[in-house]
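Using the sequences and the hints given, assemble the complete structure.
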Amino acid sequence: MKEPKATNPRILKLIETLKSASYKTQRKIWKDLAKRLSKPARRRAEVNISKINRYTKEGEIVVVPGKVLGAGKLNHRVTVAALSFSEGARKAIEEVGGRCITIEK
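At position 24 of the sequence shown the residue is numbered 31 (my numbering), and the sequence of numbers has no breaks.
Keep in mind the hints are simulated off the structure, nothing from the lab.
Take these hints with a grain of salt, some might be off.
As the list claims (entries may be wrong) - Here are the simulated lysine-lysine pairs, BS3-like style, with alpha carbons at most 30 angstroms apart:
{"id": "1", "residue 1": "Lys46", "residue 2": "Lys20"}
{"id": "2", "residue 1": "Lys98", "residue 2": "Lys74"}
{"id": "3", "residue 1": "Lys74", "residue 2": "Lys35"}
{"id": "4", "residue 1": "Lys42", "residue 2": "Lys20"}
{"id": "5", "residue 1": "Lys26", "residue 2": "Lys64"}
{"id": "6", "residue 1": "Lys42", "residue 2": "Lys74"}
{"id": "7", "residue 1": "Lys31", "residue 2": "Lys74"}
{"id": "8", "residue 1": "Lys64", "residue 2": "Lys35"}
Stated by the list, open to error - Derived DEER-like restraints, expressed as beta-carbon distance ranges:
{"id": "9", "residue 1": "Lys112", "residue 2": "Arg50", "range": "23 to 29 angstroms"}
{"id": "10", "residue 1": "Ala28", "residue 2": "Asn82", "range": "31 to 37 angstroms"}
{"id": "11", "residue 1": "Arg17", "residue 2": "Glu102", "range": "23 to 29 angstroms"}
{"id": "12", "residue 1": "Asp39", "residue 2": "Asn82", "range": "26 to 32 angstroms"}
{"id": "13", "residue 1": "Glu53", "residue 2": "Glu101", "range": "17 to 23 angstroms"}
{"id": "14", "residue 1": "Gln33", "residue 2": "Asn60", "range": "30 to 36 angstroms"}
{"id": "15", "residue 1": "Lys80", "residue 2": "Ser27", "range": "33 to 39 angstroms"}
{"id": "16", "residue 1": "Glu94", "residue 2": "Tyr30", "range": "33 to 39 angstroms"}
{"id": "17", "residue 1": "Thr32", "residue 2": "Asn82", "range": "30 to 36 angstroms"}
Glycine included, each C-beta is placed from N, C-alpha and C at the ideal position.
Shown next, in the form of structure tokens:
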């Protein structure tokens, strides 16, 4: 895998942790997540909660390798793990009984 473009120590540590988890568990999802987090900040995912609402069902867990934005409505409870959340997104997810957690957790 290429050298990460990120310079944030928090993200660099997370990338190393995910690579290690991928190797130990033999699960490609952790390696893919590390690869996506290695991109420059301007190329990372930005996902609106309307898209999360459209593609998920009640009680599912979603991982976003970037930022969750607050545009749209959420109709069901989901757990969202992301690098960061906008205030509106955090409020909308928690209003319907969902959880917002960071990828590190």
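Here is how each hint holds up against the structure:
1. Lys46 x Lys20: holds (14 angstroms)
2. Lys98 x Lys74: holds (14 angstroms)
3. Lys74 x Lys35: Status holds; Cα separation ~22 angstroms.
4. Lys42 x Lys20: holds (13 angstroms)
5. Lys26 x Lys64: Measuring from Cα to Cα gives roughly 29 angstroms; hence the hint holds.
6. Lys42 x Lys74: holds (16 angstroms)
7. Lys31 x Lys74: holds (27 angstroms)
8. Lys64 x Lys35: holds (23 angstroms)
9. Lys112 x Arg50: 23 to 29 angstroms: holds (24 angstroms)
10. Ala28 x Asn82: 31 to 37 angstroms: The hinted range 31 to 37 angstroms holds for Ala28 and Asn82, with Cβ atoms some 32 angstroms apart.
11. Arg17 x Glu102: 23 to 29 angstroms: Since the Cβ atoms of Arg17 and Glu102 sit about 28 angstroms apart, the hinted range of 23 to 29 angstroms holds.
12. Asp39 x Asn82: 26 to 32 angstroms: holds (28 angstroms)
13. Glu53 x Glu101: 17 to 23 angstroms: Between Glu53 and Glu101, where Cβ atoms are some 20 angstroms apart, the hint holds.
14. Gln33 x Asn60: 30 to 36 angstroms: holds (33 angstroms)
15. Lys80 x Ser27: 33 to 39 angstroms: holds (38 angstroms)
16. Glu94 x Tyr30: 33 to 39 angstroms: For Glu94 and Tyr30 the Cβ distance comes to about 36 angstroms; the hint holds.
17. Thr32 x Asn82: 30 to 36 angstroms: holds (33 angstroms)
Violated hints for the displayed structure: none, as all numbered hints are satisfied.
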